[in-house]
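S.K.: Residues per chain, in single letters:
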Amino acid sequence: MKIVTTRRISQAFFLLMFLFFCGITTFGTEWYQIRNWPVNLFLWLDPLVAISTMLATHTLYAPLLLSLITVVLTIIFGRFFCGWVCPFGTMHQFTGYMTHRKARMAEKIELNKYRKWQKIKYYILILFLVAAALPAFGSLLTGLLDPIPLVYRSVNIVLLPAVDNHTNIIFSQNRWTTTAWAIGIIFLAAILANLWIPRFYCRFICPLGALMGILGRFAIWRIGKNSTDTINCKLCEKNCEGGCDPSGNIKISECVLCFNCRSDCVHGLISYQTSKSFEGEVTSPDVSRRGFMLSLASGVLAIPAVRLSGKLASNWDNGLIRPPGSLPEAQFLERCLKCGQCMRICPTNVLQPAGIASGFEALWTPTLNNRIGSSGCQLNCVACGYVCPTAAIRPISIDEKHGTGDFADSGPVKLGTAFFDRNRCLPWAMDKPCLVCQENCPVSPKAIFTKETFSIVRNGDKVVEKFASDTIHIADDDMQTGSYATGDYFITKNNEPDRLYQIIDNSKNSLTIKNDEKMIFKNGDKILLKVRLQRPYVDIEKCIGCGICEHECPVSGQRAIRVSAEGETRNKKHGLLI
Amino acid sequence: MTGKKQENLNRREFIARSAKAGASIAAAAGLAYWLYQDNVIPRQEGDSAVFPDFSVAPQPGKSLSIVQGTERKSTVIKAIDMLGGIEHFVKPGDVVLIKPNIAFASSAALGATTNPDLLATVVRLCYDRGGAKKVIVTDNPINDPDSCFALTGIGKAASAAGAQIMLPKDSYFSPMTIKNAQLIKSWPVLYEPLKNVNKVIGIAPLKDHHRSGASMMMKNWYGLLGGRRNIFHQKIHTIITELAMMIRPTLVILDAFSVMKANGPTGGSMSDIYSANTIIAGTDQVAVDSFGAGFLNLKPADLPYLTQAQQMGLGTTDYQSLKPLKVQL
Chain E
1 MKIVTTRRIS
11 QAFFLLMFLF
21 FCGITTFGTE
31 WYQIRNWPVN
41 LFLWLDPLVA
51 ISTMLATHTL
61 YAPLLLSLIT
71 VVLTIIFGRF
81 FCGWVCPFGT
91 MHQFTGYMTH
101 RKARMAEKIE
111 LNKYRKWQKI
121 KYYILILFLV
131 AAALPAFGSL
141 LTGLLDPIPL
151 VYRSVNIVLL
161 PAVDNHTNII
171 FSQNRWTTTA
181 WAIGIIFLAA
191 ILANLWIPRF
201 YCRFICPLGA
211 LMGILGRFAI
221 WRIGKNSTDT
231 INCKLCEKNC
241 EGGCDPSGNI
251 KISECVLCFN
261 CRSDCVHGLI
271 SYQTSKSFEG
281 EVTSPDVSRR
291 GFMLSLASGV
301 LAIPAVRLSG
311 KLASNWDNGL
321 IRPPGSLPEA
331 QFLERCLKCG
341 QCMRICPTNV
351 LQPAGIASGF
361 EALWTPTLNN
371 RIGSSGCQLN
381 CVACGYVCPT
391 AAIRPISIDE
401 KHGTGDFADS
411 GPVKLGTAFF
421 DRNRCLPWAM
431 DKPCLVCQEN
441 CPVSPKAIFT
451 KETFSIVRNG
461 DKVVEKFASD
471 TIHIADDDMQ
481 TGSYATGDYF
491 ITKNNEPDRL
501 YQIIDNSKNS
511 LTIKNDEKMI
521 FKNGDKILLK
531 VRLQRPYVDI
541 EKCIGCGICE
551 HECPVSGQRA
561 IRVSAEGETR
571 NKKHGLLI
Chain S
579 MTGKKQENLN
589 RREFIARSAK
599 AGASIAAAAG
609 LAYWLYQDNV
619 IPRQEGDSAV
629 FPDFSVAPQP
639 GKSLSIVQGT
649 ERKSTVIKAI
659 DMLGGIEHFV
669 KPGDVVLIKP
679 NIAFASSAAL
689 GATTNPDLLA
699 TVVRLCYDRG
709 GAKKVIVTDN
719 PINDPDSCFA
729 LTGIGKAASA
739 AGAQIMLPKD
749 SYFSPMTIKN
759 AQLIKSWPVL
769 YEPLKNVNKV
779 IGIAPLKDHH
789 RSGASMMMKN
799 WYGLLGGRRN
809 IFHQKIHTII
819 TELAMMIRPT
829 LVILDAFSVM
839 KANGPTGGSM
849 SDIYSANTII
859 AGTDQVAVDS
869 FGAGFLNLKP
879 ADLPYLTQAQ
889 QMGLGTTDYQ
899 SLKPLKVQL
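Those sequence lines, one after another, are chains E and S.
Sequential numbering of the first sequence, starting at 1, is according to this note's numbering.
Sequential numbering of the second sequence, starting at 579, is according to this note's numbering.
No lab work stands behind these hints, which were simulated from the structure alone.
Among these hints, one or two may not hold up.
Claimed, not checked - DSS-like cross-link-like pairs, simulated, lysine-lysine; straight-line CA separation at most 25 Å: (1) K839/S / K542/E; (2) K514/E / K711/S; (3) K238/E / K119/E; (4) K432/E / K462/E; (5) K238/E / K276/E; (6) K757/S / K508/E; (7) K712/S / K734/S; (8) K102/E / K119/E; (9) K712/S / K763/S; (10) K763/S / K432/E; (11) K518/E / K493/E; (12) K763/S / K508/E; (13) K839/S / K451/E; (14) K542/E / K518/E; (15) K518/E / K773/S; (16) K116/E / K311/E; (17) K451/E / K877/S; (18) K747/S / K711/S; (19) K877/S / K640/S; (20) K904/S / K839/S; (21) K116/E / K276/E.
Fair warning: this is a prediction, and the values are worked out from it, not measured in the lab.
Work the whole structure out from these sequences, hints included.
M.R.: Structure representation (structure tokens):
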């Protein structure tokens, strides 16, 4: 079998594996659901994830050790990952191939020539790594452009739901993604750039490719010319995926090991070999000293500049409700890749990518949007922490989440606290009974409790005209038939304010009350129509900020009860209780 | 350039081109005429969904049974047998829909949802003794549907017993209007699973409910509503009455084995529950709920929806008048 055929099989295999993992990252116990499938495999194999989190946290989260495989293989063989494994790379290669396959040879050679701007990706990498490593300001931005988190994010929370919302095969109910447009446009732009230059993203932008270009510097085997014969036919450049100039002074750091040059060379002049290319080779990326200093300086200044927003200080965003088990914000930002795995697994779809309004560093990090999905953060679910590839969301047990068992002393994990908006709440603002929030509060005893009040309705002072067989006739005829018959309305007499008579029916000018042996109304008695309200309150000690109340609140626009991050367990400084 | 002279259109080409141009103009004008609208009104979805009356007349004197036992399986079988057996309600070839209460994604032991063993027992009765062609289990829970079916154990138990589970897909809802109702008007209802069904059985746990007083059989049908149904909590008694108007079930089974006495309807702690070890089965859901109220120390009159339902002719709150069949196993 030709080596390029093997390479294509490998690419197809890993792309299908990636898509399979995307498909099965769904809560459940069937084989096509998550179970123990290593759905994070590509993220764990990604050395940029490992190195950048390592620089930021000075530790290596256990599963990221897997990236050592990639590192070792890259050091020995060069950028095999780009050409043989990377699912995003395969998408680019396929799109580029489909677009340009009928181009003339001269055009192809022009498309696949080495361009000096390919060094940009190294500057991006330097900037990201410096930003991650910066003492006291470490922030993980790699996930924005690292192809693995990018492709996970794009497929899992944009492409997949966009398709499945037509079919409802994977999810029984439609899924939603805020900022899907931005994630989608970036993905689309990266793919469409191949119409211009094949593997545009890999050649110019990809910081992971840049990292591997550096790692592959001392690769034992490299692509190169095996003879000084010069034919100058440039057949080897025709389908060069890396744009690495194989016929000339080959740029080893750009070579993605596609082997097209070797396969296309009819003269047998190209080999994967231990000796240097006979035409000469460049092992280091074309990074100038000035360029290096510039990206270094940018990296040093970027995060401190971004943090002038105060989002990690007093101007913290109380609308960012982090999922259960999330680390304190500064540590969270050292680890979160914005890969979207937590949002994908979240059975209720409440986890959403944060928008740019929450700050540049928070872009696409997970936050609860209780207006979206099927029901806030479910009490008996800790799925997000178990799928998080870097433990930005720690895997916690149900006991730890509930504050039971071994965690009885530490209490439950609070995501924030629910606050009533009494200007919008039906029983508070409009004298209408409601209480959906209290009903749905999942903690026991409930964090939402009520105080019963009897509030006089509008135009509720009436005068008895006649009383006969449970029915009071009144002088006015301004009532709407049946409107007080819901079981929530009562009458009191002016001289007997504590005695309540339940209304069971009413017409325009009469009120029928529940039969009560001792009730006597005389003509001219002044009565008051009252509505029984159970006005809700939040018990701040009990509330865990799960947001089910906010999700269920019937005030469907801006909810009358909303969770705010005050009181979240992970940041003691945001506490409310003393 | 080769200096070739432009050629004029010949007659044939001119006619062909004119004909195509004419056809295009006609098509554009025709489309405009066809879709022309001089007064724009918002599109309304028509009500297509209607539920038939699923009820079956009880055998004389056998409309309400109250059985106390030691475990749910034998108790529910006894309770149904006292009403003439499942054979009286489910006939060979019937398609039966069972509506459990799976509102919350919590463990069955916490009593907030229908007990899976109880559900499985009734499913098997429908197949084995009733000869049902198919048994469907559905609900539109409050929490995430998949999680609810999984964590309550209902999904597994129902499938193992041979029932078909229908998760509430968005496409399963159709707007419905109930005659004489003031709330369920063009409201999305979980219609698809009930479309080709001829018997409906409700199975629900007996629970405290702060807003309405108690959540039992009538309230259980809330799980057939879609949309932002919470808006109806403003008139909770009215909506529960209308739910009883919407569904005239074949049989209802109220589970008072572990009664949620407080912190309902979610519960969440074993201390919210006490054991009453009772199953109440009946054809009159108002009567079943009226009896059930007693487990929460309530009288039927304390629950306005029961009185309202009686006034609407949906059943009786005077369950004693049905001469309930009581037995202790």
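S.K.: Work down the list of hints and note, for each, if the structure agrees.
M.R.: Going through the hints against the structure:
{"no.": "1", "hint": "K839/S / K542/E", "in the structure": "holds, 20 Å"}
{"no.": "2", "hint": "K514/E / K711/S", "in the structure": "violated, 47 Å"}
{"no.": "3", "hint": "K238/E / K119/E", "in the structure": "holds, 21 Å"}
{"no.": "4", "hint": "K432/E / K462/E", "in the structure": "holds, 20 Å"}
{"no.": "5", "hint": "K238/E / K276/E", "in the structure": "holds, 22 Å"}
{"no.": "6", "hint": "K757/S / K508/E", "in the structure": "holds, 23 Å"}
{"no.": "7", "hint": "K712/S / K734/S", "in the structure": "holds, 17 Å"}
{"no.": "8", "hint": "K102/E / K119/E", "in the structure": "violated, 29 Å"}
{"no.": "9", "hint": "K712/S / K763/S", "in the structure": "violated, 30 Å"}
{"no.": "10", "hint": "K763/S / K432/E", "in the structure": "holds, 20 Å"}
{"no.": "11", "hint": "K518/E / K493/E", "in the structure": "holds, 13 Å"}
{"no.": "12", "hint": "K763/S / K508/E", "in the structure": "holds, 24 Å"}
{"no.": "13", "hint": "K839/S / K451/E", "in the structure": "holds, 19 Å"}
{"no.": "14", "hint": "K542/E / K518/E", "in the structure": "violated, 43 Å"}
{"no.": "15", "hint": "K518/E / K773/S", "in the structure": "violated, 51 Å"}
{"no.": "16", "hint": "K116/E / K311/E", "in the structure": "violated, 38 Å"}
{"no.": "17", "hint": "K451/E / K877/S", "in the structure": "holds, 23 Å"}
{"no.": "18", "hint": "K747/S / K711/S", "in the structure": "holds, 23 Å"}
{"no.": "19", "hint": "K877/S / K640/S", "in the structure": "holds, 23 Å"}
{"no.": "20", "hint": "K904/S / K839/S", "in the structure": "holds, 23 Å"}
{"no.": "21", "hint": "K116/E / K276/E", "in the structure": "holds, 22 Å"}
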